[in-house]
Amino acid sequence: MKKNKLLLIGWDAADWKIIGPLVAKGLMPSLKKLVNTGVYGNMSTMNPPYSPMLWSSVATGKTPDKHGVLGFVEVVPTKKALRPVTANSRKARAIWNILHNQGLKSNVVGWWPSFPAEPINGVVVSDKFQKVSPDPSKPSPIVKGTIYPEKLVEELRDLRMFPFEITKEHILPFIPKAALIDQKEAGNGLVPLSRILTQNVSLHNASTYLLRNTEWDFMAIYFDLIDHFCHSFMKYHPPKLPQISKEKYDIYKDVVTGAYRFQDMMLGRVLDLIDDDTTVIVMSDHGFESGTKRILKMPKVAAAPALDHRQFGIFVASGPNIKKNEKIFGLGLIDVAPTILHHFGLPIGKDMDGKVILDIFQKPERPKFIESWEDIKGDFGELEKEDGNSFSDDETMEQLIELGYIERPDEKIEVAILKTKCELKHNLARVHIGKKDFENAKDILLDLMQEKEPIDVAPYYIDMMNVCIGMKDFDQAAKYLKEFKNIKSEVKYNIYFIEADILVGKGMVRKALQILEQAKNRKENAEVWYKIGNAQFILKDFEKARISFENAIEMEQDKAKYHKAISEALFELGEYQESAEHALISIELVKYFPAAHYMLGKALEKMGDLENAKIAFKTAASLKQKTFHRAEKALENIEEKLNAPKGFIDKNTFKYREEQIVVVSGLPRSGTSLMMQMLDKGGMDMLIDNKREADLSNPKGYYEYEPVMTLHKDNSWMHKSKDKAVKIVAPLLRHLDFQYRYKIIFMIRDLDEVIKSQQVMIGKNPDTFPVKLYNSFVEQLKTIEKWKEKEPGVELIYIDYKDVLDKPKEMIKKIEDLIGLPLNINEMAKCIDKSLYRNKFKTEVK
Amino acid sequence: MKKEKNNEKSILNSSQITLESSLGLLAFGDIAFTAWRRLKKQERDKKNEKE
Numbered sequence: 001m002k003k004n005k006l007l008l009i010g011w012d013a014a015d016w017k018i019i020g021p022l023v024a025k026g027l028m029p030s031l032k033k034l035v036n037t038g039v040y041g042n043m044s045t046m047n048p049p050y051s052p053m054l055w056s057s058v059a060t061g062k063t064p065d066k067h068g069v070l071g072f073v074e075v076v077p078t079k080k081a082l083r084p085v086t087a088n089s090r091k092a093r094a095i096w097n098i099l100h101n102q103g104l105k106s107n108v109v110g111w112w113p114s115f116p117a118e119p120i121n122g123v124v125v126s127d128k129f130q131k132v133s134p135d136p137s138k139p140s141p142i143v144k145g146t147i148y149p150e151k152l153v154e155e156l157r158d159l160r161m162f163p164f165e166i167t168k169e170h171i172l173p174f175i176p177k178a179a180l181i182d183q184k185e186a187g188n189g190l191v192p193l194s195r196i197l198t199q200n201v202s203l204h205n206a207s208t209y210l211l212r213n214t215e216w217d218f219m220a221i222y223f224d225l226i227d228h229f230c231h232s233f234m235k236y237h238p239p240k241l242p243q244i245s246k247e248k249y250d251i252y253k254d255v256v257t258g259a260y261r262f263q264d265m266m267l268g269r270v271l272d273l274i275d276d277d278t279t280v281i282v283m284s285d286h287g288f289e290s291g292t293k294r295i296l297k298m299p300k301v302a303a304a305p306a307l308d309h310r311q312f313g314i315f316v317a318s319g320p321n322i323k324k325n326e327k328i329f330g331l332g333l334i335d336v337a338p339t340i341l342h343h344f345g346l347p348i349g350k351d352m353d354g355k356v357i358l359d360i361f362q363k364p365e366r367p368k369f370i371e372s373w374e375d376i377k378g379d380f381g382e383l384e385k386e387d388g389n390s391f392s393d394d395e396t397m398e399q400l401i402e403l404g405y406i407e408r409p410d411e412k413i414e415v416a417i418l419k420t421k422c423e424l425k426h427n428l429a430r431v432h433i434g435k436k437d438f439e440n441a442k443d444i445l446l447d448l449m450q451e452k453e454p455i456d457v458a459p460y461y462i463d464m465m466n467v468c469i470g471m472k473d474f475d476q477a478a479k480y481l482k483e484f485k486n487i488k489s490e491v492k493y494n495i496y497f498i499e500a501d502i503l504v505g506k507g508m509v510r511k512a513l514q515i516l517e518q519a520k521n522r523k524e525n526a527e528v529w530y531k532i533g534n535a536q537f538i539l540k541d542f543e544k545a546r547i548s549f550e551n552a553i554e555m556e557q558d559k560a561k562y563h564k565a566i567s568e569a570l571f572e573l574g575e576y577q578e579s580a581e582h583a584l585i586s587i588e589l590v591k592y593f594p595a596a597h598y599m600l601g602k603a604l605e606k607m608g609d610l611e612n613a614k615i616a617f618k619t620a621a622s623l624k625q626k627t628f629h630r631a632e633k634a635l636e637n638i639e640e641k642l643n644a645p646k647g648f649i650d651k652n653t654f655k656y657r658e659e660q661i662v663v664v665s666g667l668p669r670s671g672t673s674l675m676m677q678m679l680d681k682g683g684m685d686m687l688i689d690n691k692r693e694a695d696l697s698n699p700k701g702y703y704e705y706e707p708v709m710t711l712h713k714d715n716s717w718m719h720k721s722k723d724k725a726v727k728i729v730a731p732l733l734r735h736l737d738f739q740y741r742y743k744i745i746f747m748i749r750d751l752d753e754v755i756k757s758q759q760v761m762i763g764k765n766p767d768t769f770p771v772k773l774y775n776s777f778v779e780q781l782k783t784i785e786k787w788k789e790k791e792p793g794v795e796l797i798y799i800d801y802k803d804v805l806d807k808p809k810e811m812i813k814k815i816e817d818l819i820g821l822p823l824n825i826n827e828m829a830k831c832i833d834k835s836l837y838r839n840k841f842k843t844e845v846k
Numbered sequence: 001m002k003k004e005k006n007n008e009k010s011i012l013n014s015s016q017i018t019l020e021s022s023l024g025l026l027a028f029g030d031i032a033f034t035a036w037r038r039l040k041k042q043e044r045d046k047k048n049e050k051e
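Chains B and W, in that order, give the protein sequences. 1 is the number of the first residue of the first sequence in our numbering; add one for each residue after it. 1 is the number of the first residue of the second sequence in our numbering; add one for each residue after it.
What the hints contain is simulated information worked out from the structure, not anything from laboratory work. It is possible that some hints are incorrect.
[What the hints assert, rightly or not] Taking lysine-lysine pairs in the DSS-like style, the calculated list, with each CA pair at most 27 Å apart, reads:
| id | chain 1 | residue 1 | chain 2 | residue 2 |
| --- | --- | --- | --- | --- |
| 1 | W | LYS40 | B | LYS177 |
| 2 | B | LYS540 | B | LYS559 |
| 3 | B | LYS168 | W | LYS47 |
| 4 | B | LYS540 | B | LYS786 |
| 5 | B | LYS151 | W | LYS41 |
| 6 | B | LYS66 | B | LYS355 |
| 7 | B | LYS488 | B | LYS300 |
| 8 | B | LYS235 | B | LYS17 |
| 9 | B | LYS782 | B | LYS606 |
| 10 | W | LYS40 | B | LYS138 |
| 11 | W | LYS47 | B | LYS138 |
| 12 | B | LYS91 | B | LYS425 |
| 13 | W | LYS46 | B | LYS138 |
| 14 | B | LYS168 | W | LYS40 |
| 15 | B | LYS722 | B | LYS809 |
| 16 | B | LYS523 | B | LYS246 |
| 17 | B | LYS786 | B | LYS606 |
| 18 | B | LYS168 | W | LYS41 |
| 19 | B | LYS168 | W | LYS50 |
| 20 | B | LYS681 | B | LYS807 |
| 21 | B | LYS425 | B | LYS435 |
| 22 | B | LYS168 | W | LYS46 |
| 23 | B | LYS809 | B | LYS681 |
| 24 | B | LYS80 | B | LYS412 |
| 25 | W | LYS41 | B | LYS138 |
| 26 | B | LYS248 | B | LYS168 |
| 27 | B | LYS506 | B | LYS523 |
| 28 | B | LYS421 | B | LYS485 |
Bound-form chain B, shown alone (with noise of 0.2 Å):
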């Protein structure tokens, strides 16, 4: 059965924050109607969020690496100019191609790149389309390859608006003070709004032209009117910046809105030209910053106007199958393709990293699967190679110059070339880092620090420090930090996030708070007070955490992140519902995370939600690339207790796991070689390598695995020790490689008995009592405590040293239920041997 057509309008940078009070003031009509009769949500967008990069990704439903678009320019084949980047550049298939290879016609309009026009089975109406010269004595001719079918360029040619149409009723409702403009001042803005209106105009000609006069099954149209306005104006939009003049602001405090609603005017349009059963999807692929965090003086780096760019979107869509009036989460721009595809009733590639929205299908199926569109022979409207005769687009780069997104080009091409190359290499890097992929990310950027002059190897920099943090490689980042500070840069950057992350990566959490404390104390920001909250968690103070995270959502609000650490925090602090609401908040904003998943079925398990629970535990293991083997544990661990015929089994209900672990732990000098030897004679297989020889303090051995010294900086031998039992000291344990299962014996002594024992170890006076020491003992205790509650794939009993001597069939009995299998007790009990110990504690603290 034929599928009903599908409308995709893109409106580049588009915001709910600018959108909401409108429509809820009836100044978006047709965006409304399309809300009230459809789904609605956030677009979540990618790292870096460059225009070309993201629409090709929408295009596509892959990734940048992937597809190939790596920012706003590109150098030509010849390697000896550059113009801004084209439909050349993208490696993957689009939605139109594939929807050309099963038969369907598309039309395309302005998309970001499009040109060259594809031939495919439609009309590509490329983005070449709509720049026109704006000096009126200049020819703009329509050039080869503007256009598929070229047949259109005869129609087609006189829907382009020129600057030098614009009249005043044009320009007063953007502007109603316009008269009080000086023209003759440079860089007023009737010059930037005559050029993004009348270039938005027509594309918007073309566009119902194409309603009117073509038959398709697809349409995809792109706008860049409310990004380029609000590039050139939202620094003006209310509320009024300090930094704003009065008489500025007056002038142009309606540029923005008067955007969107136009906007919303053509879109009233096209609505008009569809038939009812169209499925329409309007979306953005990011929003902007129309508040506090408004940049006013752009710093020189790189694509600098995408600074403004908000990590949010919108999506609206509406049509026969889709739900009404509903809201959805967790979109990614990613997953536009797919989802198009699957409307379409096609299969999406395996290798696409978008999925498809089931949610907004009233009656959604089960999506199909190719392994890859890529691999399928056959027509697919494609471009043919470029031959290498470089064409330019001076129009194009002038506007990307003036808009800030590229920088003009040097003198010397070589340069300027230079330049973009690394340019698209660091994209490239950060689209590895956005996906963290650090290896992929960091080869690029060793390659890229190795430059010189004239390029500025600052950033990379930056990103590789981020990369090594990301990697837990704290020394490195180290490293380049130093050599990060001797290096000369025309851009003066940040480095107390670095600093401090190092800091608390290194365990020195108290100074990296003071480095943040100063900082916030310099300037406060959001991610200031996070980061801040996020030291005061590690160091257990909950309730500052809480405070400072409260901040940052007060500063912030639509961040995840903030709100999934708040919900740790409170968790802490026994504050569950709160919790949960905090990791809904999150979720509702980026579905896409699975620590938040995983916090909400914690908080939803401790209230009593075990149904609840199960679901958000199963969607954290789900969502996660590498398995999230703490949701998974979790996972079983709720299933265990709602599948319990009488209430709730308690987590310390002990019965054999597959492939467990045996852990024997505790301070040193509290029991846990006696407990190893025990182990072994009871039939156990250990992991030990007897490296550390017996001595007089464990004359019968230490039962040591040398490795485990360094556990805290590498778990990855720990599948060696599947049904086996190791010697692991408490302060390591919470480095334990969480995709396994773990039965603990955790072995408990008097304190003094402990630290006296130690003394003696090391030669120290037994009767010097180190209180510091002492109290670090409780407090690790403690710590236990609550990280054995925490971790779901931890099982843990308690021995007393004492009990092991007063009654040891008991201890073992008690060993053998934590291990579910059947030990030899009366081996066991053979290794303890009363008078001996008591005669050892007497030598020992003598």
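Starting from the known structure of chain B, arrange chain W on it as the hints suggest.
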């Protein structure tokens, strides 16, 4: 079924199109834009004739 018909007629058959145009006219797309261009040309031609 498309919903444009009546709206379109009312815009294009009336004297709503002026030389100064309007945002409403631009939002209406190709038909209105072409009609506006035609009007501008007519006015230019008239002016040229007078001269």
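Verification of the supplied hints:
Distance check on the hinted pair: LYS40/W and LYS177/B sit about 26 Å apart at the alpha-carbon level, within 27 Å; holds. With a C-alpha separation of about 23 Å, the suggested pairing of LYS540/B with LYS559/B holds against the 27 Å cut-off. With a C-alpha separation of about 21 Å, the suggested pairing of LYS168/B with LYS47/W holds against the 27 Å cut-off. With a C-alpha separation of about 11 Å, the suggested pairing of LYS540/B with LYS786/B holds against the 27 Å cut-off.
Using a Cα cut-off of 27 Å, the hinted pair LYS151/B and LYS41/W holds, with the two alpha carbons roughly 25 Å apart. At roughly 16 Å between alpha-carbon atoms, LYS66/B and LYS355/B fall within 27 Å of each other, so this suggested pair holds. Of the supplied pair hints, the one linking LYS488/B and LYS300/B holds, its CA atoms being roughly 14 Å apart against a limit of 27 Å. With a CA separation close to 15 Å, the supplied pair LYS235/B and LYS17/B stays within the 27 Å bound.
Restraint check for LYS782/B and LYS606/B: satisfied, since their Cα atoms lie roughly 20 Å apart, inside the 27 Å limit. Restraint check for LYS40/W and LYS138/B: the C-alpha separation of about 20 Å stays at or below 27 Å, so the hint holds. For a cut-off of 27 Å, the pair hint linking LYS47/W to LYS138/B stands: about 24 Å separates their Cα positions. Taking the CA atoms of LYS91/B and LYS425/B, the gap is near 16 Å; set against the 27 Å cutoff, the hint holds.
At most 27 Å may separate the alpha-carbon atoms for a hinted pair to count; LYS46/W and LYS138/B meet this at roughly 25 Å. Restraint check for LYS168/B and LYS40/W: satisfied, since their Cα atoms lie roughly 15 Å apart, inside the 27 Å limit. Taking the CA atoms of LYS722/B and LYS809/B, the gap is near 26 Å; set against the 27 Å cutoff, the hint holds. Distance check on the hinted pair: LYS523/B and LYS246/B sit about 25 Å apart at the alpha-carbon level, within 27 Å; holds.
Between the alpha carbons of LYS786/B and LYS606/B the distance comes to roughly 14 Å, so the proposed pair stays at or under 27 Å and holds. Only pairs whose Cα atoms come within 27 Å are accepted, and LYS168/B paired with LYS41/W is accepted, the gap being roughly 19 Å. For the hint pairing LYS168/B with LYS50/W, the CA-to-CA distance comes to about 26 Å; that is within 27 Å, so the pair holds. A C-alpha spacing of about 18 Å is found between LYS681/B and LYS807/B, which places the hinted pair at or below 27 Å, so the restraint holds.
Of the supplied pair hints, the one linking LYS425/B and LYS435/B holds, its CA atoms being roughly 15 Å apart against a limit of 27 Å. Taken as a hint, the LYS168/B and LYS46/W pair is honoured in the structure, with Cα atoms around 22 Å apart against an allowance of 27 Å. Annotation: proposed proximity of LYS809/B to LYS681/B holds, straight-line Cα distance about 14 Å (limit 27 Å). Straight-line distance between C-alpha atoms of LYS80/B and LYS412/B comes to about 11 Å, which keeps the hinted pair within the 27 Å bound.
Of the supplied pair hints, the one linking LYS41/W and LYS138/B holds, its CA atoms being roughly 20 Å apart against a limit of 27 Å. With a C-alpha separation of about 19 Å, the suggested pairing of LYS248/B with LYS168/B holds against the 27 Å cut-off. Distance hint between LYS506/B and LYS523/B is fulfilled; the C-alpha atoms sit about 26 Å from each other, no more than 27 Å. The straight-line distance between the Cα atoms of LYS421/B and LYS485/B is roughly 25 Å, inside the 27 Å bound, and the hint therefore holds.
Violation of the numbered hints given earlier is absent; every hint is satisfied by the structure.
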